[in-house]
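Chain residues, written in single-letter form:
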Amino acid sequence: MVLELEVRLMDAPGKLIEMLEPLSQNGANIQGVFHMHGEVQGDLIPVLVTFLLPEHHFESNLNKIKKGLIAKGIEIVRLSAEQAITISFLALGHVFQTDFVDTIRRLSKPGIRVISIEARFKSIKDPSAVLFSIQIENKQKEAELMQLIDEIRQEKDLVIIKG
Amino acid sequence: MVNLSLIGYGTVGKDVVRSVASKGVLFGEKIQKKLVFTEIYENDGAVTNPKGINLESLVADGNLRQHPDWKPGIKTLDHIVRGAGQIIIEATPTNPNTGEPGLSHVLAAIQAGKHVVSSNKGPFYLQYAKILNLAKEKKVKVRFGATVGSAIPILAAKDTLAGCEVVEIQAIINGTSNFILSRMTTENEPFELALKEAQQLGYAEADPTLDVGGYDAAGKLVILANHLMGWSKTIKDVKIEGITRVTSEGVELAKKKGLLIKQIAFAKDGKLEVGLRLIPQTSPLATMGTLNAIMLRTDVAGDYYFMGRGAGGPEAATGILSDVIYIARDLPG
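Quick mapping for you: the protein sequence lines, in order, are chains A and B.
So the mapping is simple: the numbering used here equals the position in the first sequence, first residue as 1, plus 376.
So the mapping is simple: the numbering used here equals the position in the second sequence, first residue as 1, plus 1.
Hints are not guaranteed to be accurate.
Said to hold, decoys possible - Reference listing, derived: stretches of chain A covered by chain B, where coverage requires no fewer than 3 residues with Cβ under 8 Å from a Cβ of chain B: (1) 464–475; (2) 532–538.
As the list claims (entries may be wrong) - Some chain A residues flagged as far from chain B (calculated, every beta-carbon gap over 12 Å): (3) L396; (4) I421; (5) P430; (6) H433; (7) I446; (8) I450; (9) R454; (10) S504; (11) L507; (12) S509; (13) I528.
As the list claims (entries may be wrong) - Pair by pair, the computed Cβ-Cβ distance ranges are: (14) B:Y306 - A:T462: 23 to 29 Å; (15) A:L420 - B:A302: 57 to 63 Å; (16) B:K159 - A:L455: 44 to 50 Å; (17) A:S484 - B:S105: 53 to 59 Å; (18) A:Q530 - B:N98: 45 to 51 Å; (19) B:A22 - A:T462: 56 to 62 Å; (20) A:Q473 - B:N64: 44 to 50 Å; (21) A:G418 - B:A302: 41 to 47 Å; (22) B:G164 - A:R489: 52 to 58 Å; (23) B:A207 - A:Q523: 37 to 43 Å; (24) A:A519 - B:G164: 31 to 37 Å.
Since the hints were derived computationally from the structure, they do not count as laboratory data.
C-beta: ideal position from N, C-alpha, C; glycine also.
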């Protein structure tokens, strides 16, 4: 599951590394760190961290992260979990003959990843049917994914059937 | 007595006449008035009788031109104005690009102060606003329930669901495409074979482009959105995708995942689209064969589903006569 953490840190060297320790020690995969310089309050700077926390031991790891941050005296402004969304679509046409690896690569962007594919075809030269399952980290990524799918559809003359 | 004029004596027109001939007494009891045909127009003449056409011979052999009141050479458009019909039933085939000749018939009838009932989609997906505005100006009623889903009372939902707003429509409204996709799913047939089967059963035309290309569904979607959501769209505003490139492999893969490939017509957020979608086999829209299914999503009262046979002579005739009876109720007679 992808989570967003907003904290306020002293604007001083080493503070960011110190804040990230409880996350990295408890299974979190840091995906992005954003300093909100426009919203500095005194000597505190708001920092937004996006990280992926695996489902395995999710609750206990999340608790350890919270406790670790509090122990370091770091103020948690917000910690929100957004359930990743899986979107499936069927591609019909020459999916393999039109550089399948390129298709997969183009559907793999920050916050968007192909998690499974399943195919039916008579032979590799014939039109095929491929069911893609794609995970997006939040609803906001859906429009970006749809744009990517549409570009691929047009370029490779595929029929795309969305779920 | 309420006088009816029928334009178009094809499959639907004949079923309208048969229905009035066989159930006329029942209809009369519902509205306390007798329904009679005073004109039945074809493209090379008309049967006319201001006192009421005898329907017996028509029902017996269906041949308009052998009827004792047949008058060859009558031009429909000229005659509508002076004919005795109070309600004009427009049931001619649609020219998808111009809406003619139906559009001219409908406008001429309204202009002459006559009420109109239509099963002809073209005029309404091309000139909805013009027709309805003219009807308002001339203070006549125009009903076109049979244009979408035949006898399914979907357009009547404007009145029956008047307490809420329709904010989204999802619909399977082309029976031919639904039949073909259903056969591909249940019988593992390729598209070409399923189409041929649809043609043999009379569900698809010799030239099936309007159905399998998505244009028929697009026209109906425009009528639904304009009527139920108050939009002012035409068929040119619809993004359209047909079913011709759906493959057996795709259908099989979807089926394995508990999904069906369906041609769905969507209206939401000012956008209209007819396209292919994967839907769960358990969805209320997962109708098979020629059945139509329409979902109306409302702002406060959830979703409503309408389902039924969306094509066929008796079904369309039922839709037409329901509208005729609705109008006839308020007419003096």
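Results of checking the hints against the structure:
no.: 1; hint: 464–475; in the structure: holds (count 5)
no.: 2; hint: 532–538; in the structure: holds (count 3)
no.: 3; hint: L396; in the structure: 40 Å, holds
no.: 4; hint: I421; in the structure: 39 Å, holds
no.: 5; hint: P430; in the structure: 25 Å, holds
no.: 6; hint: H433; in the structure: 30 Å, holds
no.: 7; hint: I446; in the structure: 44 Å, holds
no.: 8; hint: I450; in the structure: 42 Å, holds
no.: 9; hint: R454; in the structure: 30 Å, holds
no.: 10; hint: S504; in the structure: 6 Å, violated
no.: 11; hint: L507; in the structure: 5 Å, violated
no.: 12; hint: S509; in the structure: 10 Å, violated
no.: 13; hint: I528; in the structure: 16 Å, holds
no.: 14; hint: B:Y306 - A:T462: 23 to 29 Å; in the structure: 26 Å, holds
no.: 15; hint: A:L420 - B:A302: 57 to 63 Å; in the structure: 49 Å, violated
no.: 16; hint: B:K159 - A:L455: 44 to 50 Å; in the structure: 48 Å, holds
no.: 17; hint: A:S484 - B:S105: 53 to 59 Å; in the structure: 57 Å, holds
no.: 18; hint: A:Q530 - B:N98: 45 to 51 Å; in the structure: 26 Å, violated
no.: 19; hint: B:A22 - A:T462: 56 to 62 Å; in the structure: 58 Å, holds
no.: 20; hint: A:Q473 - B:N64: 44 to 50 Å; in the structure: 58 Å, violated
no.: 21; hint: A:G418 - B:A302: 41 to 47 Å; in the structure: 52 Å, violated
no.: 22; hint: B:G164 - A:R489: 52 to 58 Å; in the structure: 45 Å, violated
no.: 23; hint: B:A207 - A:Q523: 37 to 43 Å; in the structure: 40 Å, holds
no.: 24; hint: A:A519 - B:G164: 31 to 37 Å; in the structure: 34 Å, holds
Hints 10, 11, 12, 15, 18, 20, 21, 22, counting from the list given before, are not met by this structure.
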